[in-house]
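S.K.: Starting from the two chains in their separate frames, assemble the complex, guided by the hints.
Single-letter residue listing:
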Amino acid sequence: MKSLAELKAIKDKMQGQVGVRSHGENETRVVVGMATCGIAAGARPVLQKLSALVQEKNIQGVQVTQTGCIGLCMHEPIVEVYGKDGEKTTYIGMTAEKAEVIVERHLIGGKPVIEYTVSGSGL
Amino acid sequence: MYRSHVLVCHGTGCVASGSDGVIATFEAEIKKAGLEKEVGVVQTGCFGLCALGPIVVIFPEGSFYSAVKENDIAEIVNEHLLKGRVVERLLYQETVTDEGIKSLNDTGFYKKQMRIALRNCGVINPEIIDEYIGVDGYQALGKALTEMSPEDVIKVVLDSGLRGRGGGGFPTGRKWDLARRLVPDADQKYVCCNADEGDPGAFMDRSVLEGDPHVLIEAMAIAGYAIGANMGYVYIRAEYPIAVRRLEIALEQARNYGLLGKNIFDSGFDFDMEIRLGAGAFVCGEETALMTSIEGNRGEPNPRPPFPAEKGLWGKPTVLNNVETYANIPQIILKGADWFASVGTEKSKGTKVFALGGKVNNVGLVEVPMGTTLREVVFEIGGGIPGGKKFKAAQTGGPSGGCIPMSHVDIEIDFDNLVAIGSMMGSGGLIVMDEDNCMVDMAKFFLEFTVDESCGKCTPCRIGTRRLFELLEKITSGKGEMKDLDEMESLCMYIKDNSLCGLGQTAPNPVLSMYHHFKDEYIQHIKDKKCAAGVCTDLLTYKIIDEKCKRCTLCTKVCPVNAITGAVKEKHSIDPDKCIKCGVCVDKCKFGAIVKE
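The listed protein sequences correspond, in order, to chains A and B.
Take the first sequence: its letters are residues 1 to 123, numbered as in the working numbering.
Take the second sequence: its letters are residues 1001 to 1597, numbered as in the working numbering.
Extracted from the complex, chain B is given alone in its bound form (with noise of 0.2 Å):
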């Protein structure tokens, strides 16, 4: 029994800053300091706050640590630990004010986020199956096995107003209803979860499942018993390996108390799961190749109908489901439809996570009710912009979705509205972009990822998206034509509307909706041949103020390709047939002397 518990993150942000070696200098400290029998050390899942990473909260106090280094852990030990003395300077500057340590749900990280789907990560230690259990773990699944109908539990799920969460948002509960009725006679049913994601940017569902991954054991678990399936297959891409760790330690320990297995709470019902690991194509994340993929065969999809719910995994009805839409589940279950519920906007219930990314303060994982506005999450969550710079927009959906301009920041941030604006909520990447970003250039990038994801099997998004690529590609370079634009919007409708899977069908969306928002960048790179952001370097040249530079040759000798040509005192010059543009000069310049333009 410890009385006090020193909770590190050991997601894989705060892994990759070095929360392995925090830990084992905690423990090496506490034992030296004769404590190892009243302090524990707890690894934990995600608390959000990446940027600041290493993680470290001790209780009982509720003190958050941030960007712990091993040489301050014997400082945090000997005071905080052994004489009740908080080490205000290596506390998230955030919570020290002048009138003393403020609670974390009171920084502006912190304070306007619910946590539903996230609930337990950076909580309870997500390799102990009793730490689940202590914070009402499988209460909801003992609940739906003793107590409830499958009808009753999906009637719950229904009236919830839970949307899927992997992106397009199709009510679950209906998801499910249809998986259990569509096919009375059914011999055999089947859960999949989508743990695929493959956004670049996006990191949420790794974040559950490295720190609450009984949670999706149970929600698959619940949705087996509403549908009649006793099988569910987790399909997860092999590039998280501590995901993928902590949920097999978890699927042991679910089996060693019997919440897997035969008879699960005596109620006749059984029900067990299996691991599929993807080898990270984009395309296995759509639900008919992520299917194909775990019967063993190429990821690549079918057109639907049928859908899951009818002829889904080896032909049966199957529910799909991603990772956050089950995370959801068993609270919805103990507290109720009308807790859930009252939680959103009138068409999006509950909460969203988004992983906060790009051009933001606090990079991170946070989760918001629905109809918070972009302001509140980009400005007062993320922290805004870094180095003073201006909002440009904001990328929800990935390679999927779309930009949100400045015009449009006071969104309330729910499915429909994104969807207006001609973005979609997707699965929660969320990139901020700020002036320095070009937005023909970004285009390009998001698209640079759906050509290369492009399974092949169909022609308009195997060519349609090259050659989209490559008119994007003409217009970066500075050889763009003003009749290149109506083609790529005619292209970009056609591979919308005629591909097979939802990879094609949505792949043009980022190019449309900057195109649409941010129309006057790129009639400039066309006509004016210029990049306001100075990001296309075919459009840039780089310049010497001759009133500015001192003569110094510093920038002479830097230059990888002696563009430079100068000596001390005389003038300084760049070639431009030889410049690269690599812009060391302009970083190396003390007075400021050389320009992009």
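If we strip away everything but chain A, and leave its shape as in the complex, we get (with noise of 0.2 Å):
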């Protein structure tokens, strides 16, 4: 270890993975969920592709977690995201790609993606 560079670069790869156990207040809460209709429905790649996510680009103040059936199965996979003002977005019909655009859009740029919400869909 030559310089606090390398330290730093060890410490940006892992604060992400050692972030998961953490379990602070006041956090923006995204919750997959899992029940056997989210499970059947491919809620797998899209909670592992949030939660991979989140950890690589070390968003801080967010925990990737997964719930039981919400009720709407029909339109699993379901994500819903709590926001740190209590605020909640339902997103349905998800998949890993559509994972990809809400952490951009959503988690780091802090504006829900209507588009894919039970609302912009028109239901």
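One thing to keep in mind: the hints can contain errors.
As the list claims (entries may be wrong) - Listed below are the simulated DMTMM-like cross-link pairs for lysine to aspartate or glutamate, each with C-alpha atoms no more than 25 Å apart in a straight line:
#: 1; chain 1: B; residue 1: K1530; chain 2: B; residue 2: D1520
#: 2; chain 1: A; residue 1: K84; chain 2: B; residue 2: E1099
#: 3; chain 1: A; residue 1: K8; chain 2: B; residue 2: D1130
These aren't lab readings, by the way, just hints derived from the structure by calculation.
M.R.: Structure follows, in structure tokens:
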């Protein structure tokens, strides 16, 4: 180890991963429906993608977790984002590709991706 | 990249309750469920709640499972990890409430704790250096070497108010300052770590070494830089195999990364470390004996002065600190002296780790800010006394310390308050005693330990503690006289004043303190020949209460020495001459008809 930059590189690589183990207050929670209906509709790649991106990009204050059946089984995979202000956004018919967009625009950019939400899809 | 982390405690406590099997089963079940690319199993250091091991914590939810059994694991994997449904019945029940699952930090055990020294225990895998770096590891060393002068480092440690956690409470910064300046032309200096944790029931240092070994390496390198030493020794007892192995792995990794060795961070500073195993002699926790033992000699103390800061290991200026003291250093360097000094009391800054043991529900490892009351530690964090029994006293400082009775239960724990009531902080063993503990017997227990562990070099300790032990034995066997108490007290003072090292100087403390706070019990043993707690067998007689006895003959059958006579429907009685007071009959009698008094 010859420089602080080398140390920082390792830290940056690890911080997101070890960050999964923090359980802070006031976090944005990204919840993926992982009941039988969700799993059958393909929720697992969505959950994996969301979790991996949040760690890779080391996005602070975001927890990616899972839950049971939300009740809209025909619209699974469903992802709900609970903002720090308590606001909830529900995304339906999710895919791994859509997850990437949500990470970029919602979790990093701070703006919900309306076209993927329940209301945006015209239901 | 894992979406979920299963943290399994791999400290000694949880290993003993089966965490190796838990880890293997988790890995197998996760594979069976096809989740091996999504869920990682991480072995960590101690979470503190050793009584309820093996402990498993699953993130990102932070679900805290306690006393996990191998046949529960398939359910946790299939429900929690696959479907996201937390298995409530297996959670630590303190976290389960009517309103849902509450955070671990809101439970009685954790609410009042503050983790500085144990910061990474139960968070990182101690065998992976990258995880330590991911939680700011080695940042403090980098900062010290590249941005601070040795004097700056010492000033920060001094200003933080950190005092030695091994028990003495000497200001750490002052120790470092002396080692830096006292011998200006020294050709060689050393940094040592005392990991020879020997107090009965104490395991704070072990937990730090097992859960976060890199923090010790980082802190010792910082100490080396501060005083001008390029070599460090960790003196650790061989009875801590997991701690030794983790530290060896950590040293290897630190060397591979160039965090030990030549020219660290291109600063021109060289530092390396070695482990020295102790053979388990209590006296080797005394600093001069410890250094003598590192040198390869028989572990015996030497008179001070000269102090190690002037003439220590191999006659060179040496800094010797305890594991927990070092564990605070990187945080102090990173967050600053003011941050550390904002925690604790006026003269005792920061936190203290205690190994909570004895008659208390939550046996385990706790870290609290200095100034936390004993009541909070025992009744809130410790969860009170099992079986609804009454708290009698708590022993701090192990065989060198003293007891704190109920009348002082609201004392704010810090170095000076404990000394003021005749106890001491010690390294952090905290043994809770209830109404079933006899204080004469407890004093005898601790003294027996020091009699065994006295190295024999000086007479007051070698012979004095033995004579003192004999006096206590006389009292507990019912042969004591009132004049023995005066003799006991004066012998205590003699041993304290004349012993060569800390072992002898503090050995009478438990006797003095228990006598001071529980004089009545001593007098009762001598005058009434009674032991109210029912511990001292020579003072007990077992009796059958005729009105309660159903004449079932069970007791006559279980008595190992046939001391109980009586046939069915006939009166039962115990022959006191034959009775060995083993208590088996009391345990077996279904009607509570046998009592000891």
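S.K.: Would you mind marking each hint as holding or not holding in the structure?
M.R.: Tested hints:
1. Restraint check for K1530/B and D1520/B: satisfied, since their Cα atoms lie roughly 11 Å apart, inside the 25 Å limit.
2. Distance check on the hinted pair: K84/A and E1099/B sit about 21 Å apart at the alpha-carbon level, within 25 Å; holds.
3. Distance check on the hinted pair: K8/A and D1130/B sit about 11 Å apart at the alpha-carbon level, within 25 Å; holds.
When the structure is compared with the earlier hints, no violation turns up for any of them.
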